[in-house]
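Asker: Sequence:
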Amino acid sequence: MTYDYDLVVIGASPAGMLAARLASQWRSRVALVTQNTTPCLFIDGLGLINSSTHPLPHIPNNSRSFGDQVQWISSVSDHFHQKDHPDGLLHLGVDVIHGSGCFQPESPLKFTVTGRTLCSRRYLLASSSEPTPLSISGLKDCPYFTPQQLCHLPPQQLNELGSIIMVGNGPMAVVLAQVWRRGGCQVVLVPQCSSIIPTMDEQVVSILHAQLEADGIEILSDLRIETLETRGREIIMHLHDGPPIQANALVVVAPMQPVVEPLNLSTVGVKLNSKGCIQVNHRFQTNHPQIYACGNPIDGQVWDYIACHEATIAVRNALFGTRQQVDYGKIPKVVWTDPPLVTVGLTPEEAKKYWYYGQSLHILVLPYDQLMTAHFTDQTTGLCQMVVRDQILVGCQMIGAAAVEFSGAIALAIQHRLTLPQFAQLALVSPTYGEILHQTAMQWYDIQASYPRHQRWLETFFNWRRTGYW
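Following the working numbering, the numbering of the sequence shown begins with 563 at its first residue and continues without gaps.
Take these hints with a grain of salt, some might be off.
What the hints assert, rightly or not - Each computed BS3-like pair below joins lysine-lysine, with the alpha-carbon atoms no more than 27 Å apart:
no. : residue 1 : residue 2
1   : K837      : K892
2   : K915      : K833
3   : K895      : K915
4   : K892      : K914
5   : K914      : K895
6   : K702      : K672
7   : K833      : K672
8   : K702      : K837
To be verified - Label pairs and their calculated CB-CB ranges:
no. : residue 1 : residue 2 : range
9   : T994      : G650      : 53 to 63 Å
10  : D889      : H937      : 31 to 41 Å
11  : D889      : H850      : 19 to 29 Å
These are calculated hints, taken from the structure and not from any lab test. Glycine is no exception: its CB is placed at the ideal position from the N, C-alpha and C atoms.
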């Protein structure tokens, strides 16, 4: 049996286009089916609008309205994504097919799209996600924006938004709430749970929570929404244990689920988990040996850079039969707020599930107000938290100015199992924000010095040295 392609990539997401690009560079025959993929949201760029450490100096002085800033960020993001436009892959020899298709339960496995039948050795699913419908009374009859719709409004309409009710939690909801608040909108954030970012460490999230409230965002945690209604151009939200809230616009940041139903996966035996995501093994292979998946199809919604990292591994495994896998514990996760929040590796709660807290496990914390640079720049909000097991760094959480800039170095340190003494021996330029890593690691020596056994050993050693025999 001969095949038309070595790989058919389904979904023109950033991960899918990267996979098609890599496969073509390796001289394989590739087809990319766009599968009606929705454009990605430039959430990373939005976080720079009000960044105190990375201001946007290139916006003309006569067009510094909030809507113009969002439009400028959008245009820059589009410019850098032009090279990843599906049609931009044509010159590499990728067969780009616009449309949506599905698998056919035939032998060999085939994929049909726009009247064409594609036969390939391997298939890689990298399609987009869609919001999960929320069960809120009155939501269907109430006009609301999704994050994608909100960010692509015309500048004039963005400037006219006076107040917003934002329903949802997680990084996207938090970033949008802060950006729109600093853009001049009154923002009420309703996370519908106790934490604004439930998946991250409580201590650093609490600092971010306090910063958002200091910015003027009203956060209504653990409050249940009774119903929504529209009165003229106003949105009214009725709460179970609180007064009604009124705003000009409603933004719903719902959990995302992969768009897999049109693919006809059930007929070819591909299994889904309870969340509707595709089940894969550590090599990104589904239970069908010819079908691989990465990015949104296996997790609903992931950061684009993580999905692209998965794509590089998945396409290599699909084409060459390798058994590479992704170690998610060494990939930084970032929340693009001001100050930014970064987490790499294990959090203290996760580490305590593996090891007992005590001699082998230590949590080192240093606030930003201990840095000279933080006082010079008036950026004293934040902290660095290191999770250490047997002197080895296994996790780090940071919130504060320039925290994102350290994420790569921290990930490299965790990947190569650097010890705290090695961190403490670094001679860093002062005064800089980078000193926080060195100063936090120096706390290791304070812990060692506090042990009575260690103190007795040092006292005995220097008593012997003073005798003059050595």
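Asker: Compare the structure with the hints numbered earlier in the document and write down the numbers of the violated ones, lowest to highest.
Answerer: Going through the list in order, the structure violates hints 2, 6, 9 and respects the others.
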